[in-house]
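These protein sequences, in sequence, are chains A and B. Positions 0 to 435 (numbering that gives the first Met the number 0) are the ones given, in order, by the first sequence. Positions 0 to 453 (numbering that gives the first Met the number 0) are the ones given, in order, by the second sequence.
The hints are simulated quantities; they were obtained by calculation from the structure and are not laboratory data. Be aware that a few hints might be false.
As the list claims (entries may be wrong) - Lysine to aspartate or glutamate pairs mimicking DMTMM-like chemistry, simulated, CA-CA at most 25 Å apart:
hint	chain 1	residue 1	chain 2	residue 2
1	A	Lys302	B	Glu68
2	A	Lys139	A	Asp263
3	B	Lys24	A	Glu108
4	B	Lys133	B	Asp44
5	A	Lys244	B	Glu34
6	A	Lys238	B	Glu203
7	A	Lys302	A	Glu138
8	B	Lys286	B	Glu147
9	B	Lys111	A	Asp12
10	A	Lys197	A	Glu382
11	B	Lys219	A	Glu344
12	B	Lys260	B	Glu345
13	A	Lys91	A	Asp167
14	B	Lys293	B	Glu317
15	B	Lys63	A	Asp190
16	B	Lys258	A	Asp263
17	A	Lys197	A	Glu1
18	A	Lys206	A	Asp167
19	B	Lys24	A	Asp167
20	B	Lys293	B	Asp99
21	A	Lys141	A	Glu253
22	B	Lys429	A	Asp320
23	B	Lys446	B	Glu352
24	A	Lys9	A	Asp64
25	B	Lys264	A	Asp392
26	A	Lys103	B	Glu64
27	A	Lys32	A	Asp99
28	A	Lys35	B	Glu211
29	A	Lys139	B	Asp44
30	A	Lys238	B	Glu211
31	A	Lys77	B	Glu107
32	B	Lys24	B	Glu104
33	B	Lys24	A	Glu67
34	B	Lys98	B	Glu257
35	B	Lys286	B	Asp161
36	B	Lys33	A	Asp327
37	A	Lys50	B	Glu147
38	A	Lys90	A	Asp126
39	B	Lys133	B	Glu64
40	A	Lys197	B	Glu317
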Amino acid sequence: MEKLLAMARKVCDQAEVYSVEYVADMVSYQNAKLDKIDTNFLSGYSLRIIKDGRLGFAYTRNLRDRQEFLQNALDSLKGGVRAEYVFPFAKKLPSIRTYDPSIKNLSGESIVAEAGRVSDILKSQTDGEIASGSFTYREKIKIINTKGADLSARSSYAGVYGGIIFPDSGSRISRFYQGKRFRRMPQGLLDELIMLYKHGVKIAEPKAGRMKVLFMPDSLITLLWRMQSGTSSKNVYEKVSPISKKIGRKIFSERLTIVDDPLDDRYPGARAFDDEGVACKPLTLVKNGVLKSFYYDLKYAKKLKAKSTGHGYRSGPWGGDPISLRPDPALAHLFIRPGKRSFMELVKSMDRGIILEGVLGPHSGNIPNGDYSVGASPGFYVEDGEIAGRVKDVMVAGNIYQTLKNVIDLGDALYPAFGGWAPAVLCDDVSVATKK
Amino acid sequence: MFDELNRFLGRIEADYADIRYEVMKETTISFSGKELNQVSADSTDGYVVRVLKDGGLASVSFTKESDAERSLQAAVENARLFARNAPKPIRLARTEIVKDNFLPEFKEDPRKVPLAEKLEILRKYNDVPLSQKKIVTTNIAYQEVLREKYFASSEGSQIREDLITTSITGTITSKQGNMTQNIRMGAGGSNGFAGIRNQERHFEEKTARAIELLNAQPVKSGQYDCILNPDLAGVFAHEAFGHFSEGDIIENLPAMREKMKIGAKLGSDILNIADNATLPDQLGFYKYDDEGVKARPVQLIRKGVLTGRLHSRSTAAEFDEPLSGHCVAEDYRFSPIVRMGTIFIEPGDNSFEALLQMLGDGLYLLYAKGGQTAGENFTFGANYGYLVRGGKIAEMIRDINISGNLYQTLNDITAVGNDLELSKTGGCGKGQTNIRSCLGGPHIMIKNLVVGGV
């Protein structure tokens with residue numbers, strides 16, 4: 000990498016080499032049977048060069064021929080992509096612990112065993128169709144640039160999931176448990192799944208109307224995706240964010256405080272620097288309902304005359320291959336401040352509404368505008384604080400800039416949710432369409 | 000290359016093994032509004048090895064030759080681990096041993112078009128929407144993906160095949176006051192650069208729709224009789240039904256497997272659905288899948304009755320049904336899974352005018368905007384639509400999401416049009432992305448669809 004950077008330095012104004020290497024083991028159980036064991040050993044290099052204000056870009060898996068690789072980046076300069084930013088050099092980076100060495104010596108047998116254990120428990124206590132899985136992931140990334148940055152980080156990431164599918168509809172309730180090291184899924188999460196499943200065997204047929212909706216971890220993607228779209232500097236720059244002029248204004252309920260905190264290393268995936276080498280720090284996006292900040296990478300910070308907030312990541316909405324993607328603004332460490340009520344207390348507080356466990360179609364609709372319209376898959380109908388049963392053919396729709404003004408309570412537990420961690424979010428006055 | 004692959008295979012002690020090496024060449028050009036975002040042409044490569052031992056199947060992908068040894072070891076160990084923990088052994092259906100070198104011919108080879116020319120073509124198209132005042136931005140990308148595949152198996156198959164996929168995809172965003180609307184567009188295919196040329200009209204039409212959408216009314220949620228355009232009909236065939244024709248999905252859903260036995264009457268008599276990855280010049284075309292099995296057409300539904308299924312070698316053995324050649328990987332980072340090739344509802348007798356007359360009052364919905372299934376339930380968005388009154392197309396509507404139950408909806412298809420259109424771009428996500436996922440159909444009429452608005 001250093002040789003490549005030295006070669007690039009001679010022919011460009013600025014250069015950056017990014018490399019990633021990871022090992023991933025994935026186990027999946029389907030229908031309560033072992034279904035798949037896959038392992039990936041992947042690595043690669045990505046080169047960004049800037050010359051006369053233009054960007055060159057190239058990537059490869061193997062540095063077989065550095066000259067050819069550099070030439071590839073030089074060729075892409077001809078396209079004329081403008082790059083007005085300067086690669087960073089962070090003098091001091093926060094110290095965080097992102098790697099748990101126990102992951103390296105974990106046997107394949109124990110990863111398989113845990114997915115099997117979760118599967119067995121769910122199978123023995125319900126008559127649903129069971130899917131479970133487990134994974135471990137070890138990653139090394141390194142960034143060097145001509146400003147002098149020489150950053151590397153090693154991280155570990157492991158998780159277990161369990162899901163129960165309702166045989167009559169195929170809809171699924173599931174819970175994930177993740178950490179820096181591999182741990183057994185707590186019984187509490189399994190109990191929550193089993194309890195919900197049992198309540199969902201009966202079918203409820205509520206009338207359509209406006210009612211309370213409790214967004215659970217797997218359905219929060221609906222709200223979080225649109226919130227992330229609205230606060231992205233890219234969408235502010237492109238004039239498609241409906242809140243581009245609302246910094247300092249109240250956009251959501253005062254109950255909502257949303258922070259991106261890459262340094263909180265109690266959670267897996269913590270980062271001291273982003274994929275461009277900018278130092279990470281906590282960023283408050285929304286405080287008590289008031290919009291505080293957008294998030295920026297180097298490119299859009301320059302365009303909007305702001306500073307990068309350390310949110311340049313090589314990731315797409317569906318994951319993607321970090322070497323082939325160029326950094327773009329992304330939130331990867333989102334935290335919605337939890338409330339004080341347990342899940343069952345939230346349910347008890349609902350006079351009439353839907354517990355939205357899973358959704359179909361969170362990726363469709365007018366996302367920049369904040370509109371959503373999702374199928375409940377599954378949803379549970381609550382009446383007078385009791386779960387009356389599972390609903391079928393129900394759609395929940397709205398606009399997050401309305402829905403999140405109507406947050407009336409938050410759960411006390413954080414779950415992994417789209418781009419971060421969030422509690423159950425209870426909203427009032429949401430439109431629910433049914434076949435009735 | 001095959002010598003090297005056979006050397007790797009020779010080092011694996013197993014009942015069966017295969018290895019796939021791929022060189023992937025990707026060209027990407029993208030614009031956000033007037034701004035050029037990316038111009039790059041890159042090449043990467045890697046290997047996937049699969050091992051079957053004692054009834055356990057495992058797969059390992061690796062990109063560095065220096066990782067080969069530990070990857071081969073891990074594959075064998077994982078196959079053993081699988082065998083120890085699985086209740087019954089995995090079997091692979093017998094397939095023909097193939098030695099073939101298949102390099103398709105193109106209507107203009109994309110590799111021979113200079114990068115600068117591709118950039119100019121995209122810039123010209125991008126200028127079409129951007130010349131309109133109400134268009135606030137675009138996100139448009141040209142993507143060309145070449146997979147040079149080398150497949151070898153311990154049974155003796157040795158297949159070389161190239162797949163080149165070209166596409167222009169993106170969104171055109173309009174704005175008026177605080178309201179933004181967008182329209183998705185797509186062009187391209189699997190048979191060369193010709194599908195990228197002469198798309199000005201397509202951009203003009205999509206631009207006009209994006210502007211019109213600003214004055215469209217949100218659809219009122221409720222139940223409607225609807226006509227779906229060919230793209231939406233195809234998405235229904237793919238999302239709501241097609242995924243449950245995939246052997247690896249249905250294998251693990253016992254309740255649905257019971258309902259989806261071959262011979263089951265699932266839909267109305269007028270309904271015929273096929274998957275045909277061998278249709279030449281279509282996006283979904285390939286000759287061999289990533290298990291080295293030759294693709295063959297499958298009639299999935301005939302006159303409403305389930306007649307076939309899509310398989311990998313292991314699911315064909317599990318179901319004791321014929322091989323179909325539908326086990327496909329995104330690229331060298333993934334082991335193959337069962338995928339649709341070109342799935343479509345077969346055309347019937349009705350003209351579009353006749354369908355409108357039959358509909359009377361209802362909705363005409365066009366172009367998919369994301370779709371998803373969970374078991375019997377599906378949801379997908381329509382990019383836009385129109386109210387239909389007395390058989391006449393009336394006001395434009397927006398914010399349309401349809402949801403329903405598969406079996407109910409298959410029976411609620413009341414009429415099928417006499418046209419047929421297949422998609423030019425794809426992107427089915429099932430853990431991996433399949434950019435050659437091709438779908439389509441004629442216009443179809445469905446009664447009692449649940450439409451959720453905002």
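Results of checking the hints against the structure:
Between Lys302(A) and Glu68(B), the direct Cα distance comes to roughly 48 Å. Violation of the 25 Å bound is thereby established for this hinted pair. Of the pairs offered as hints, the one joining Lys139(A) and Asp263(A) holds, with about 19 Å between alpha carbons and a cut-off of 25 Å not exceeded. At most 25 Å may separate the alpha-carbon atoms for a hinted pair to count; Lys24(B) and Glu108(A) exceed this at roughly 37 Å. For the given pair, Lys133(B) sits about 43 Å from Asp44(B) by alpha-carbon distance, which is inconsistent with the 25 Å threshold.
Proposed proximity of Lys244(A) and Glu34(B) is supported: the alpha carbons are some 22 Å apart, at most 25 Å. Restraint check: the Cα-Cα separation between Lys238(A) and Glu203(B) comes to about 22 Å, which is no more than 25 Å; the hinted pair holds. About 32 Å separates the Cα atoms of Lys302(A) and Glu138(A), which puts this hinted pair outside 25 Å; it is violated. With a CA separation close to 13 Å, the supplied pair Lys286(B) and Glu147(B) stays within the 25 Å bound.
Using a Cα cut-off of 25 Å, the hinted pair Lys111(B) and Asp12(A) is violated, with the two alpha carbons roughly 32 Å apart. Restraint check for Lys197(A) and Glu382(A): the C-alpha separation of about 17 Å stays at or below 25 Å, so the hint holds. Restraint check for Lys219(B) and Glu344(A): the C-alpha separation of about 34 Å exceeds 25 Å, so the hint is violated. For the suggested pair Lys260(B) and Glu345(B), the alpha carbons sit about 21 Å apart, so the restraint of at most 25 Å is met.
Only pairs whose Cα atoms come within 25 Å are accepted, and Lys91(A) paired with Asp167(A) is rejected, the gap being roughly 56 Å. Our distance criterion of 25 Å between C-alpha atoms is met by Lys293(B) and Glu317(B), whose separation comes to about 19 Å. Straight-line distance between C-alpha atoms of Lys63(B) and Asp190(A) comes to about 43 Å, which puts the hinted pair past the 25 Å bound. The hinted pair formed by Lys258(B) and Asp263(A) fails the criterion: a straight-line CA distance of about 48 Å is larger than 25 Å.
Annotation: proposed proximity of Lys197(A) to Glu1(A) is violated, straight-line Cα distance about 59 Å (limit 25 Å). Proximity of Lys206(A) to Asp167(A) is assessed by CA-CA distance (about 21 Å); at most 25 Å being required, the pair is judged to hold. About 44 Å separates the Cα atoms of Lys24(B) and Asp167(A), which puts this hinted pair outside 25 Å; it is violated. The straight-line distance between the Cα atoms of Lys293(B) and Asp99(B) is roughly 11 Å, inside the 25 Å bound, and the hint therefore holds.
For a cut-off of 25 Å, the pair hint linking Lys141(A) to Glu253(A) is broken: about 40 Å separates their Cα positions. The straight-line distance between the Cα atoms of Lys429(B) and Asp320(A) is roughly 16 Å, inside the 25 Å bound, and the hint therefore holds. Straight-line distance between C-alpha atoms of Lys446(B) and Glu352(B) comes to about 17 Å, which keeps the hinted pair within the 25 Å bound. For the hint linking Lys9(A) to Asp64(A), the alpha-carbon distance of about 17 Å falls within 25 Å, and the restraint holds.
In summary, the hint linking Lys264(B) to Asp392(A) is supported, as the alpha carbons are separated by about 22 Å, within the 25 Å threshold. About 22 Å separates the Cα atoms of Lys103(A) and Glu64(B), which keeps this hinted pair within 25 Å; it holds. Among the hinted pairs, Lys32(A) with Asp99(A) is inconsistent with the structure: their alpha-carbon atoms are about 30 Å apart, more than 25 Å. For a cut-off of 25 Å, the pair hint linking Lys35(A) to Glu211(B) is broken: about 48 Å separates their Cα positions.
Between Lys139(A) and Asp44(B) the CA atoms are separated by roughly 20 Å; this keeps the pair inside 25 Å, and the hint holds. Distance check on the hinted pair: Lys238(A) and Glu211(B) sit about 19 Å apart at the alpha-carbon level, within 25 Å; holds. Pair hint Lys77(A) plus Glu107(B) holds up; C-alpha atoms about 24 Å apart against a cutoff of 25 Å. At most 25 Å may separate the alpha-carbon atoms for a hinted pair to count; Lys24(B) and Glu104(B) meet this at roughly 18 Å.
Distance restraint check for Lys24(B) and Glu67(A): the Cα-Cα separation of roughly 15 Å lies within the 25 Å cut-off, and the hinted pair is therefore satisfied. With a C-alpha separation of about 38 Å, the suggested pairing of Lys98(B) with Glu257(B) is violated against the 25 Å cut-off. Restraint check: the Cα-Cα separation between Lys286(B) and Asp161(B) comes to about 10 Å, which is no more than 25 Å; the hinted pair holds. For the hint pairing Lys33(B) with Asp327(A), the CA-to-CA distance comes to about 17 Å; that is within 25 Å, so the pair holds.
Between the alpha carbons of Lys50(A) and Glu147(B) the distance comes to roughly 33 Å, so the proposed pair goes past 25 Å and is violated. Note on Lys90(A) and Asp126(A): the hinted pairing is violated, with a Cα-Cα distance of about 57 Å set against a maximum of 25 Å. For the proposed pair Lys133(B) and Glu64(B), the alpha carbon gap of about 53 Å is over 25 Å, so the pair is violated. As the CA atoms of Lys197(A) and Glu317(B) are separated by approximately 31 Å, the hinted pair breaks the 25 Å bound.
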